[in-house]
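Enquirer: We have chain A already, so just place chain B on it with the hints.
Protein chains in written order, with this note's numbering: chain A, 1 to 335; chain B, 1001 to 1281.
Worth flagging that the hints you see were computed from the coordinates, not collected in a lab. Treat each hint with caution, since some may be false.
Unchecked claim - Residues on chain A that point at chain B, a partial pick, calculated with CB under 8 Å:
#1 Val16
#2 Met27
#3 Pro145
#4 Val293
#5 Asn330
As the list claims (entries may be wrong) - Just so you have them, the derived chain A footprint on chain B, three or more residues with Cβ under 8 Å:
#6 1128-1138
#7 1217-1223
The structure presented is a predicted model; accordingly, all values stated were derived computationally and were not measured. A virtual CB, placed ideally from N, CA and C, is assigned to each residue, including glycine.
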Amino acid sequence: MRPALLLQRLLHLVPVLLGVTVIVFLMMSLTPGDPAEIMLANQNATPEQVASLRHDMGLDRSLPVRFASFVGNALRGDFGQSLFHRRPVADVIAERLPATIELSAAALIFALLVAIPLGVVAAVHRGGILDRLATVGSLFGVSLPGFWFGILLLLAFAVNLRLLPVSGAIDFAHQPPTVTGFLTIDSLLSGRLDSLGNALAHLLLPAVTLGLPMAAILMRVTRASMLEVLRQDYITFAEAKGLSRARILALHALKNALLPTVTVAAIETGSLLGGNMVVETVFGWPGLGRLVVESIFVRNYPLVQAAVLLYAVTYVLVNFVADLLYTVLNPKVRM
Amino acid sequence: MRRLGNLLPGKLAKLAAAAVLAFVLMAAAAPLLAPHDPAATDLFRRLQPPGWMAEGDWAYPLGCDALGRDILSRIIYGARVSIFIGVVVVLIATAIGIAAGLAAGYLRGWVDRVVSGLIDILLGFPYLIFAVGLMAMMGPGVLNMVMALAYKEWVVPARVVRGETLAARETEYVEAARAMGASSTYIMAREVLPNILSPVIVVASVRIAQVIILEASLSFLGLGVQPPTASWGSMVADGRGYILDAWWVSTFPGLAILLLVLSINVASQAVRDAMDPRFHD
Chain A
1 MRPALLLQRL LHLVPVLLGV TVIVFLMMSL TPGDPAEIML ANQNATPEQV ASLRHDMGLD
61 RSLPVRFASF VGNALRGDFG QSLFHRRPVA DVIAERLPAT IELSAAALIF ALLVAIPLGV
121 VAAVHRGGIL DRLATVGSLF GVSLPGFWFG ILLLLAFAVN LRLLPVSGAI DFAHQPPTVT
181 GFLTIDSLLS GRLDSLGNAL AHLLLPAVTL GLPMAAILMR VTRASMLEVL RQDYITFAEA
241 KGLSRARILA LHALKNALLP TVTVAAIETG SLLGGNMVVE TVFGWPGLGR LVVESIFVRN
301 YPLVQAAVLL YAVTYVLVNF VADLLYTVLN PKVRM
Chain B
1001 MRRLGNLLPG KLAKLAAAAV LAFVLMAAAA PLLAPHDPAA TDLFRRLQPP GWMAEGDWAY
1061 PLGCDALGRD ILSRIIYGAR VSIFIGVVVV LIATAIGIAA GLAAGYLRGW VDRVVSGLID
1121 ILLGFPYLIF AVGLMAMMGP GVLNMVMALA YKEWVVPARV VRGETLAARE TEYVEAARAM
1181 GASSTYIMAR EVLPNILSPV IVVASVRIAQ VIILEASLSF LGLGVQPPTA SWGSMVADGR
1241 GYILDAWWVS TFPGLAILLL VLSINVASQA VRDAMDPRFH D
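Chain B with its partners taken away, still in its complex shape:
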């Protein structure tokens, strides 16, 4: 039992990483994989049950929604929205966070006061409330959602980078570079950054999962991606009204969110454990 227990986390992490990869490939190859056009409506197939049920048809394995659209095809295309937004928001946020965190932690002074002040203010907003407020102002859409999330998301890497930079600033290798007359920009980019990168990567990998849930929540509320583009969150919302007669419309897209987010969380925990022994219990 104990041996099994030690083996399991590694296997589980590999399985999770494989699942994440599968989702990414699915999103990339959506036009090849999807059996039907995700936006094609067919009112004769309205709320058609999944293939294995009595009135189902295996040509539409997960059934159809209220407009007769193929749920499987919509889930495959929906992966594009979730993964795109998760990755792009975290990339933008990490780039801004690294720049702001390095500047605040290394230069200190007024730069630190401005950055830290801004972080404190943004931390004053519950995340979803902030995003909802911005989406109310900017209107729905993929690009607006990326901006609405990135405006707050950069705070997470910025705090990590600032803290690590404050510590790195006092190390001997930074002092040596300073003594050799290196510029602040050079020291920040070439000396400090490479040494603090691993916690930043760990944080980014966890945050992608959280951003995907936020995207799905915004789309569920009707503030995210707009129809006819398929998004998992809005698919769950679409099925809400038919939950009595057609449970499959909401259930499968939600399951897709759970699987992707769970896989990212398990895989990133393994990355964290591997990169930083401090996190072992």
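If we strip away everything but chain A, and leave its shape as in the complex, we get:
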């Protein structure tokens, strides 16, 4: 890829990130209810004390000034104090982030592991029983409300069959020493296989719930692009050369067919990030999604604001990287 093109794409990122920040800022600044009053609620504060706190928090300044200081602070990683925890928002979020990343990564892996083989099989045996089953399955996958499906999974595997844990990310007895905050990685680092097994058992149901709609969509995309690729001349040529079917599929077809899958997977990370809130609520997962939902009910706006911004910036960056990846991988769009 030419450096000029890369620079152009990077420059395009600036207005988008700025726009996203403006919207997040306005979302919370226009919220009815005074953060200073919320902070001092139940403390019998005098109006003077509220006014002084408003001044300290900068709430008495004009909107543009507050926006400038919000951006300036955000760039330094300062999102103010969490009204509920009485600690910096950034610290509270950093504590919850590894659990959410771990869950999202597991969901993504689940989705890819299910979608790619199924999509390939459906395309190769187009119109067959497996193809029909996969198509019906993907329709169910996009139509299932995740919060409800999660509850059914809990009911079946945790409550009735007692095979898997009901909630949380790990049992207290198996807690590995904290190094990175990622339970699976910390288990490996400390060499505790019991912790790893326990963490994976906790991870399974939430990851399946979160990843299922994505798997359904990626399966369809893989199937469609695989069908497209299998029609190409170079596949016919490879067949004419007498290469084995497996070799053609693995080396020639799949490599090209996976390009759209990568792009759509990036777009669908948006549904993973949003789905986090729902799935973490269902499974009592100690991540950022549940924290955001809880924070809304205690009107802990600085935290909600920082989290929404973090989600949006992550999503923009993931799409940017996927876009680059697509350009690098696909010779047709490489300029």
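Expert: Showing chain B alone in chain A's frame:
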């Protein structure tokens, strides 16, 4: 087998369309159909099982929730919320999307830059996160939810309309209208719009299903429709705490969401296949 396979999609689509119609009729005729008042509590019937179970009563076929309210009646009334929000949000979004997409695609220039810029920024938000942020700000309620969803939803039709308009702009019939001195507004409304309407309808029909799931998710999180109004998402949430003793409280409303969304998805896929031969594999 092959013959059956070719026949099935058509039959399935008809079945799905009939199911969608049935849900709409159910929502419209809710007061006539519901056996009980959906908000009437009866603590003697707290967590009463469905009719076919040992302690059930066929007067309450799907059982009762933790406040002794009839689950079937609440599901029937809940259809109103889901369908209303799904349809209204998509209608508003489609109207805004058509106007913005036509203007951006036909007029180009600064209008296109503003619309496209706004689309890029809104696409930067994961949908549910955006809606949750807005609901946190505006507070719960049906109208607030319609607004929170429509603020982002219009991007979907706008992109489709903009793309189609860009292509239509270069066609001969538009050029002919321009040569005859027609105004931009006239060309956009009378020449371009009728010709790009079918993909817009296809997209709208699919989006209703997605908006219904989003509504249910927001209500599940407690940010949507407020009690005592019955909403399928909040009914599932209500039953979560009793899943050990009373599986029916969460299960049936969730099943209703699945059936409605699945029916809309199957029916809209048939609409898509019928309207646009390009979508055949």
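Enquirer: Hint by hint, note whether the structure agrees.
Expert: Structure-based check of each hint:
1. Val16: With Cβ-Cβ at 5 Å, under 8 Å, it holds.
2. Met27: 5 Å, holds
3. Pro145: At 5 Å from the nearest chain B Cβ, Pro145 of chain A passes the 8 Å test, so the hint holds.
4. Val293: 5 Å, holds
5. Asn330: 20 Å, violated
6. 1128-1138: holds (count 9)
7. 1217-1223: It holds: at least three residues are needed, and the stretch 1217-1223 of chain B offers 5 whose Cβ sits within less than 8 Å of chain A.
Checked against the numbered hints above, the structure violates only hint 5.
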